[in-house]
Amino acid sequence: MRPRRSPARPAHRRSPRPRQRRPAHPSQSRKLPDRQTFTTWRPEDSGIPAATQQGLTTLEWVGRAENLAIAGPSGTGKSHFVEALAHQAIDQDLRVAWFTLETLTSTVTRAKADGSVARTVARICRADLIVVDDIGMLPAGADAAEAFYRVVDAAYERRSIAVTSNIHPSGFDTIMPKTIATATVDRLLHHAHVITTKGDSHRLQQALAGHGVQALTT
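Numbering-wise (our numbering), the sequence shown opens with residue 1 and increments by one.
Since the hints were made in silico from the structure, they are not lab data. What you are looking at is a predicted structure, and each value in this text was computed from that prediction instead of being measured. For every residue, glycine included, the Cβ atom is placed at its ideal position computed from N, Cα and C. Any given hint might turn out to be false.
As the list claims (entries may be wrong) - The calculated label-pair distances, taken between Cβ atoms and stated as ranges, are:
id, residue 1, residue 2, range
1, GLU157, THR57, 18 to 26 Å
2, ALA65, SER170, 31 to 39 Å
3, ALA50, SER116, 43 to 51 Å
4, THR103, THR179, 23 to 31 Å
5, ASP114, ALA142, 34 to 42 Å
6, THR39, ALA142, 39 to 47 Å
7, THR109, LYS198, 30 to 38 Å
8, ASP45, MET137, 19 to 27 Å
9, ASP173, ASP45, 45 to 53 Å
To be verified - Straight line, CA to CA, 20 Å or less: simulated DMTMM-like cross-link-like pairs of lysine to aspartate or glutamate:
id, residue 1, residue 2
10, LYS112, ASP134
11, LYS112, ASP153
12, LYS198, ASP134
13, LYS178, ASP143
14, LYS198, GLU102
15, LYS178, ASP114
16, LYS178, ASP153
17, LYS198, ASP153
18, LYS112, ASP143
19, LYS112, GLU102
Construct the entire structure; sequences and hints are all you get.
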């Protein structure tokens with residue numbers, strides 16, 4: 001006598017999952033600032049020429065694996081503009097990796113401990129756009145120079161890198177060892193849009209105008 005077969009269960013169709021962005025690495029959402037977008041950007045207040053702003057916001061340069069270097073005094077909108085570009089890139093399903101030079105250095109230094117530097121750099125370079133913000137705020141030692149060089153070299157002609165700095169990239173040899181700085185800048189600027197901002201700090205102007213704080217009560 002054949003054993004009785006249990007009745008077949010009705011098939012259930014799974015509802016389609018919403019499309020998700022592809023992060024460059026699991027911690028992208030934590031690393032990428034979530035403050036400055038083009039919603040709050042005032043193009044007329046920027047020292048970046050209007051035509052240049054419009055050209056960069058198309059992100060066509062990312063598709064060509066070109067780089068972006070913005071240098072100028074603190075408070076002139078460098079980080080705001082690059083943050084806005086990064087958020088726009090994510091909105092277009094591009095992958096973005098965001099670092100300061102300090103966090104990039106700590107990421108590569110940790111990888112040295114278990115011999116995974118090559119894998120870590122390769123993972124970073126899966127991003128379509130790699131941002132290194134605020135270079136030059138503090139002196140960069142050999143470890144920082146090495147980490148920066150490794151990423152720039154691995155991304156060279158393959159991925160886009162955007163950097164902001166209060167000094168021009170040609171002066172990076174004043175904050176990091178000259179030999180490695182020269183090799184890094186040579187690769188970084190070979191296919192790069194280089195922009196210099198000028199003017200007074202937007203933050204200072206707002207402070208002097210009394211913006212950003214509530215009036216004191218007496």
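The hints, checked one at a time:
1. GLU157 - THR57: 18 to 26 Å: Between GLU157 and THR57, where Cβ atoms are some 23 Å apart, the hint holds.
2. ALA65 - SER170: 31 to 39 Å: violated, 22 Å
3. ALA50 - SER116: 43 to 51 Å: Cβ of ALA50 to Cβ of SER116: about 44 Å, so the range 43 to 51 Å holds.
4. THR103 - THR179: 23 to 31 Å: Holds, since THR103 and THR179 (Cβ atoms, about 24 Å apart) stay within the stated range.
5. ASP114 - ALA142: 34 to 42 Å: violated, 20 Å
6. THR39 - ALA142: 39 to 47 Å: This hint holds: roughly 40 Å between Cβ atoms.
7. THR109 - LYS198: 30 to 38 Å: holds, 35 Å
8. ASP45 - MET137: 19 to 27 Å: holds, 22 Å
9. ASP173 - ASP45: 45 to 53 Å: violated, 32 Å
10. LYS112 - ASP134: Between LYS112 and ASP134 the Cα gap is close to 24 Å, so the pair fails against 20 Å, i.e. violated.
11. LYS112 - ASP153: holds, 17 Å
12. LYS198 - ASP134: holds, 16 Å
13. LYS178 - ASP143: holds, 13 Å
14. LYS198 - GLU102: violated, 25 Å
15. LYS178 - ASP114: Violated, at roughly 28 Å.
16. LYS178 - ASP153: holds, 16 Å
17. LYS198 - ASP153: violated, 29 Å
18. LYS112 - ASP143: Holds, at roughly 11 Å.
19. LYS112 - GLU102: Holds, at about 16 Å.
When held up to the earlier numbered hints, the structure conflicts with 2, 5, 9, 10, 14, 15, 17 and fits the remainder.
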